[in-house]
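Chemist: Letter by letter, the chains look like this.
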Amino acid sequence: MDVEIIFKIAAIGILTAIVGQILKQTGKDEISTVATLAGLIIVIVMVLNLIGDLFSTIKTLFNF
Amino acid sequence: MDIILKIVAIGLITCVATMIVRPARPDFSIIIAIAGGLIVIFMIINYLSSVLSSIDGIIKFTGLNSDLYTLLLKIIGIGYLIEFTASICSDTGNSSLGDKILLGGKIVILVMSLPIITNILDIIMGLLPQ
Numbered sequence: 001m002d003v004e005i006i007f008k009i010a011a012i013g014i015l016t017a018i019v020g021q022i023l024k025q026t027g028k029d030e031i032s033t034v035a036t037l038a039g040l041i042i043v044i045v046m047v048l049n050l051i052g053d054l055f056s057t058i059k060t061l062f063n064f
Numbered sequence: 001m002d003i004i005l006k007i008v009a010i011g012l013i014t015c016v017a018t019m020i021v022r023p024a025r026p027d028f029s030i031i032i033a034i035a036g037g038l039i040v041i042f043m044i045i046n047y048l049s050s051v052l053s054s055i056d057g058i059i060k061f062t063g064l065n066s067d068l069y070t071l072l073l074k075i076i077g078i079g080y081l082i083e084f085t086a087s088i089c090s091d092t093g094n095s096s097l098g099d100k101i102l103l104g105g106k107i108v109i110l111v112m113s114l115p116i117i118t119n120i121l122d123i124i125m126g127l128l129p130q
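Chains A and B, in that order, give the protein sequences. Counted from 1, the first sequence has number 61 at position 61 by the numbering used here; the numbering is strictly sequential. Counted from 1, the second sequence has number 95 at position 95 by the numbering used here; the numbering is strictly sequential.
Because the hints were derived from the structure by calculation, they are not lab data. Every value quoted in this text rests on a predicted model; they were computed, and no experiment measured them. Virtual Cβ for every residue (Gly too), placed ideally from N, Cα, C. Treat the hints with caution; some may be incorrect.
Said to hold, decoys possible - Examples of chain A residues lying across from chain B (beta carbon under 8 Å, computed): (1) Ala10; (2) Gly13; (3) Val45; (4) Val47.
What the hints assert, rightly or not - Covered by chain B, according to a simulated footprint, are these stretches of chain A (three or more residues, beta-carbon under 8 Å): (5) 3 to 9; (6) 56 to 64.
What the hints assert, rightly or not - Straight-line distance between alpha carbons at most 27 Å, and here's what the computed DSS-like set of lysine-lysine pairs gives: (7) B:Lys100 <-> A:Lys8; (8) A:Lys59 <-> B:Lys74; (9) B:Lys100 <-> A:Lys59; (10) B:Lys60 <-> A:Lys24; (11) B:Lys60 <-> B:Lys74.
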């Protein structure tokens, strides 16, 4: 598997933190919440794909 | 042998990435740790598949009952999955949930290995004089 996904998740995390801070400082609290939530959902979907791959690999490997 | 270097490097990279992200967003650091663990497990599984296929060949060569071998493989797979999930749960602070997942895995393994025990009992009953 590729290591890039770790860097991707870290970059998305830092980016959403920065965007959230900027939006909060300009007084748009609700938009900052939405941006943070979007980042979290993107990352969760990436990890979910990994978990699905793991399940299918284990299913084929261990004859489930 | 370079797979061990890869595993060590991925572990260190994951640790550093979690440390960098944790002050900004603690919830993302947990997800990074999960992804790093998944990548390491993928590498191990790809490495292990050659061993499993050679063991499969040996079992076919000796002519043993392959049902038992398949059951054993399933139990090993359940063990790996349960261990991984339980350690993620205890990493995120839900160690009691991890314990419950471990208990669930043990019970599933018990249920799966029950046919072997009944098989043995059937054989013993068949050997006994009527």
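Chemist: Does each hint fit the structure? Answer for all of them.
Modeler: Verification of the hints:
Interface restraint check for alanine 10 (chain A): the shortest CB-CB distance to chain B comes to about 4 Å, inside 8 Å, so the restraint holds. The criterion of a C-beta within 8 Å of any C-beta in chain B is met by glycine 13 (chain A), whose closest approach is roughly 3 Å, and the hint holds. Interface hint at valine 45 (chain A): violated, since its Cβ lies 11 Å from the closest Cβ of chain B, which is beyond the 8 Å cut-off. Against a cut-off of 8 Å between C-beta atoms, the interface hint on valine 47 (chain A) holds, since the closest Cβ of chain B lies about 5 Å away.
Chain B is given as covering the region 3 to 9 of chain A, and this holds because 5 residues of the stretch bring a CB closer than 8 Å to a CB of that chain, at least three being needed. Counting residues of the region 56 to 64 of chain A whose beta carbon lies closer than 8 Å to any beta carbon of chain B gives 6, which meets the minimum of three for the stated coverage. Restraint check for lysine 100 (chain B) and lysine 8 (chain A): the C-alpha separation of about 32 Å exceeds 27 Å, so the hint is violated. Among the hinted pairs, lysine 59 (chain A) with lysine 74 (chain B) is consistent with the structure: their alpha-carbon atoms are about 9 Å apart, no more than 27 Å.
At roughly 23 Å between alpha-carbon atoms, lysine 100 (chain B) and lysine 59 (chain A) fall within 27 Å of each other, so this suggested pair holds. At most 27 Å may separate the alpha-carbon atoms for a hinted pair to count; lysine 60 (chain B) and lysine 24 (chain A) exceed this at roughly 65 Å. Restraint check for lysine 60 (chain B) and lysine 74 (chain B): the C-alpha separation of about 18 Å stays at or below 27 Å, so the hint holds.
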